[in-house]
Amino acid sequence: MEKTWNNKAWFLVLPVLVLVAFSAVIPLMTVVNYSVQDTFGNNVFFWAGTEWFEELLSSSRFWEAMVRNLIFSFIILAIEVPLGIFIALNMPKKGWGVPVCLVLMALPLLIPWNVVGTIWQVFGRNDIGLLGYYVNALGIDYNYVQDPFDAWVTVIIMDVWHWTSLVVLLCYAGLVSIPDAFYQAAKIDGASRWAVFRYIQLPKMNRVLLIAVLLRFMDSFMIYTEPFVVTGGGPGNSTTFLSIDLVKTALGQFDLGPAAAMSLVYFLIVLLLSWVFYTVMTNYDAER
Amino acid sequence: MARIDVNHVRHSYLPNPRKDADFALREVHHTFEDGGAYALLGPSGCGKTTLLNIISGLLHPSHGQLLFNGKDVTNLSTQERNIAQVFQFPVIYDTMTVYDNLAFPLRNRGVPEADVDRKVRETLEMIDLASWAKKKARGLTADQKQKISLGRGLVRSDVNAILFDEPLTVIDPHMKWVLRSQLKQLHRRFGYTMVYVTHDQTEALTFADQVVVMYDGGIVQIGTPAELFERPRHTFVGYFIGSPGMNVMPVAIDGKTATLGSQRIELPGAPKAGSGAIELGIRPEYVRLGRDGMAVQVSKVEDLGRHKVVRAKLEGREIAAVIGEDETVPADPKVRFEPAGINIYADSWRVEMGA
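Just so you know, the protein sequences line up as chains A and B, in that order.
If you read the first sequence in full-length UniProt numbering, its first letter stands for residue 1, the second for the next number, and so on.
If you read the second sequence in full-length UniProt numbering, its first letter stands for residue 1, the second for the next number, and so on.
Among the hints, a few may not be true.
Claimed, not checked - Derived DSBU-like pairs (lysine-lysine); straight-line CA-CA distance at most 35 Å:
id	chain 1	residue 1	chain 2	residue 2
1	B	K19	A	K94
2	A	K204	B	K176
3	B	K308	B	K256
4	A	K187	B	K134
Hints in this document: simulated from the structure, not taken from any laboratory.
With the rest of the complex left out, here is chain A:
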């Protein structure tokens, strides 16, 4: 059959093109534009080529922030995922306990990032903070302002406190979708508690767990507000993650070129990791 050529169809996709152009393409291209130029202010720009990229990729500051960020993401995933599963497994499945637990779990998720940061900033202070004061009173030397290890512990506990709920809620949703017949059949088959978890509950939670890991990874890889409020990236650079570093470069030092180059590299890393997760997930589905 002869195809009808009709360019009017373009009008139908125009709205979304305009929307995407303003929300994504134009800002991104601005960044690309900055990343290959240098400026000394007054809106005068000079062509810099790949200079900023070369500088960035050879700077130890960038790689250190990156490594710190990966370690941070790894630690919070290693804590939040098992802890989330454990809490979800122990949440009531029916009765008045369900709404109570769900509301309790949702509470941390409803608090804005900077408020979470402020809460923990105060909570951990060893002069007036409830946590900091009593931990020191117990004879443990704890000071997140001066000790890098304490700063890490604080930031990690804060993130676990803030985000484990998300993993819990996702896992819980997976768990309640398991029909009773599965548990009954498992009883009849004489399955142990561990076997029920391994062969019934875990497979049913697989999908949501992948989503939880993806979300938590992306989020922690881009974390900014909370550690910024609590430690400001310190002491020294010990809690300076990629985004904190980026903001320091862009706004603190107003180095638009290097900051733009860094944004692009950062963006590409996130894009790459999203693609990896997406591929893993779809392959997993195809296998089903």
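Fit chain B to the given chain A structure using the hints.
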């Protein structure tokens, strides 16, 4: 295999049942003989699944006792009762292979791996899935999954009974037939005690030697398919079994004669006195349509292929009759009741007829 005695079992889902209406299972007292194939037949909410779950131990009855081969098992767990149960929706462990699914109940019980292998291979042959052993269970069709559920019961050679809870609900019609006959074969070959819950009369009648008809939390009749058809003990059984169900009409009885409006119907014998409303029940298969008898107004003829169902009005009441495929409805239709097919009910329960 075991004989199962259900001893005056009552069950309520409420914490403090008082009235009869609080009980999902009013009172069941019945023996399932060793090696029998039973069907529990009844409408939704009649308590059949409750009874099944009490037998398997998933539910603990509020009152009464359960014996397996004379041994009290009321307080034993499902696992200790050694029961197999197949559920309405296929339950499979979808991360495992077909082989591992079948091995699962044995491995859980610590059976040596050599025995596991032998039993699993035997069972795979029995359920016709030998060539699928290495496949992941999640890729299978619904009927294959249901066979695996069944297979997990069959691998344990010592199971006391195999219980089925509407197992063919999600199976395609043509596969239902195949699975049903395979079940029947398994029963003949190995003599399992089988209890099969269903609301589908065809399923119940083709599967079971004894059909237990349940209604409103109690057993109304236990019998062979023929008994249920010929002599329904309760008008509910008459309605529920047969298609269309039994015609039931209020009558007055005088000796060997029943009076329906202005019509008089000769009975094969004089019914023994019963209390409550008296009704006459006759299956459409025993209603003869012809030129003599009681006048009826035919309202509809449904041609079902093998036979026709005639819907008519007799003395202002709906009545159905079954006629042969090549019979036609006469111009001035009249009906006669074949005496052999007449049952008399007092307060919905069948009364015997004397000479």
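Against the structure, the hints:
The straight-line distance between the Cα atoms of K19/B and K94/A is roughly 27 Å, inside the 35 Å bound, and the hint therefore holds. With a C-alpha separation of about 28 Å, the suggested pair K204/A and K176/B falls inside the 35 Å cut-off, and the hint holds. At most 35 Å may separate the alpha-carbon atoms for a hinted pair to count; K308/B and K256/B meet this at roughly 31 Å. Between K187/A and K134/B the CA atoms are separated by roughly 25 Å; this keeps the pair inside 35 Å, and the hint holds.
When held up to the earlier numbered hints, the structure conflicts with none and fits them all.
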